[in-house]
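*Asks:* So you can see what is in the structure, the chains are spelled out below.
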Amino acid sequence: MERRQALKSLVVGAATTMLPTTESIAAFMLQEIDSLAENKALFDKALLNNPKLIGFQGTHQEFSKTRLTIEGTIPKDIKGNFYRNGAALFERGQQRYQHLFEGDGMIQDFHFNNGEIYHRGKFVKTHKYQQEQQVGKFLYSGPDSRVANSLPVSTPETINTANTNIIPVNGELWALWEAGSPVAISKEDLSTLEYVNLGKNSDYGNTLKGLAFSAHPKVEANGDIWNFGMSHTGHIVLYQLNAKGITRNVNLIKTSYRGGMLHDFLITHKHILLILPSLEKNNTTSGFFNAIEFNDALPMQVLVVDKATLTLKKCFDLPSGFAFHYGNAWEESDGSIHFDASLYSSVDVLHHMNTLMKGLNPTSLSTAKTTLFTLKPNGTVQHDYIGENSEFPRINETKVGLRNHELYTIGSTETMLWNDTISNYHVSNGKIQQYIYGKDFLVEEHIAVSPTNKEGEGYLLGTALHVPSKRTCLNIFDVKELSNGPVCRAWLPYHIPLGFHGNFVATT
Amino acid sequence: MKIKLTIATTLLTLSANVFSHSLQLEIREVKSNQGKILAQLFKGESNYQANKPMMAQQSMAKEGTLILTFSNLENGEYAIRYFHDENSDNQLATNLIGIPTEGYGYSNNAKGNFGPAKYQDMKVSIVDSDVITHSTVIY
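So the protein lines, in turn, are chains A and B.
For any residue, its number in my numbering is found by taking its place in the first sequence, counting from 1, and adding 32.
For any residue, its number in my numbering is found by taking its place in the second sequence, counting from 1, and adding 8.
Since the hints were made in silico from the structure, they are not lab data.
Beta carbons are placed, not taken as given, at the ideal position from N, Cα and C, and that holds for glycine.
Incorrect hints may have been included.
[As the list claims (entries may be wrong)] Not close to chain B: a few residues of chain A, all C-beta gaps over 10 Å, as computed:
#1 370
#2 383
#3 485
[Said to hold, decoys possible] Simulated crosslink set (DSS-like; lysine-lysine; CA at most 27 Å straight-line):
#4 A:157 <-> B:39
#5 A:463 <-> A:401
#6 A:169 <-> B:60
#7 A:276 <-> A:486
#8 A:502 <-> A:390
#9 A:154 <-> A:408
#10 B:51 <-> B:119
#11 A:313 <-> A:431
#12 B:44 <-> A:232
#13 A:157 <-> B:119
#14 A:286 <-> A:232
#15 B:70 <-> A:232
#16 A:219 <-> A:302
#17 A:512 <-> A:463
#18 A:408 <-> A:286
#19 B:39 <-> A:232
#20 A:97 <-> A:286
#21 A:431 <-> A:486
#22 A:276 <-> A:302
#23 B:126 <-> A:313
With the sequences and hints as input, model every part of the structure.
*Replies:* As structure tokens, this is what we get:
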């Protein structure tokens, strides 16, 4: 109880603050200009000449259970479901969103059963989705999209699209977003259950209701779920939940970060790493994502937080940079901390997702390089680039917070529009394995599935959209022979919108 | 004498009229019978901004719709804000960063947008007659 009072004393806004965001967004949201119809017209025109854009067209259709056509043999030891989430509905009426991150979330489920694979897909039935579905048009402005006469937003849940990631928690699935609560989803039929009140069944009660719970929680080997949530004030909420999703510990870290974008974080066995990229909001620019700018003069900052107390222990300045995603962090006995990043030298990629929604090709786009950082106890920092064109880094899940050797990423080799290559970097010996899908494919995040729970064993699994046939395929690679191509490819008879993140849930 | 009496009667009538109006707030979609509804009435924008309520009302919560009445009001501009005090601690419960976790609302069914409702959206004017306004609770 005392702890909660102490936390409350950190509160910067009065009860009437109601929603953490900047005044510039509020002012922006109230503008009555509607450019969404123009956006749709641009995209539709571009789609006629560029078939690859079907990956970003979105869908209104849900997908009922469909058996996939198999090429090769499905490994018998893969048992369970591969769930993915992503923004999937971008258009209502004759309007189209401005940014890829704004679409309503859709859950894709690939179920492995007795030598067969089935696919189904369902929208997350958020408050926003249901209301807009009922009237067949957008009712709420998005972060970048201005909807004329849009409805007011009272809480984050009003516009929570639950579109970024999906994790298993205590027999359910949680669909995650950046700025609001998890949304519980039924494993049985992918139906939407409720917004998760993170303080429920804990001492925190309603004090966590409506707080941001970001889309990249880290699950430790003991099942503990670690995560953060960011508010516009620069306060970052840190969470430790047990394996059943019950909150054990929460704290607020006060920072002066005003970059607007903090997407991912890391843990070691002792610490949490909050890595604040070199971003700042330009309050004279309209839109939320659109107003985020890279500032070369700002260092990337790493806040090292003690997991036992959730308090800040140390702060490191890195050279300027930006990353959406990190693979893993681990710590040596002398206190040196290692971590990797898919590191950008600008924030162009965020704005690229705006031009993509208009159907425009990137003219020049800086890509991320796989970069290894070492934070030394004496305060010094080292970094090494180990690979080009890297995004969506993943590791074997048993290694979260512990020393990993393998790092799986996707990247672009033959086309800049999206990804077409998967890689496995051995971060200890520098060996690289790659498989290039080629320019006919738009490749999504690939994840490690290890039936033996050992790093370097098992499979890499991920989806790709085959543009000429307008079909999505699920691809299974042997992690030891990635370069040989997939050992099994399961074809959907249709394509699904390109998404963001997902996880495999093994059947025991 | 007759003139004086007439003037006095007129003044009395006027004063009775000016101060005898009521402002009724119909609160809709109360989600449970738990706790109570606490409401504050403000006269004019300056008092609202200064957080100086003119009077307060409370009622046991009732699932569905309930009505609060503020009486004996003179002509003028008013605004009401209220919340559903489910745990009956007389405070609007909030989460760690100050976002309300109990239901709340405003006269004229005003809604906030990334913040509290604006006074201009909440205000109701009394001009020589009773006024009824409604509001749907925001949970």
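*Asks:* Tell me, which hint numbers fail for this structure?
*Replies:* Of the numbered hints, 6, 9, 11, 16 and 20 do not hold.
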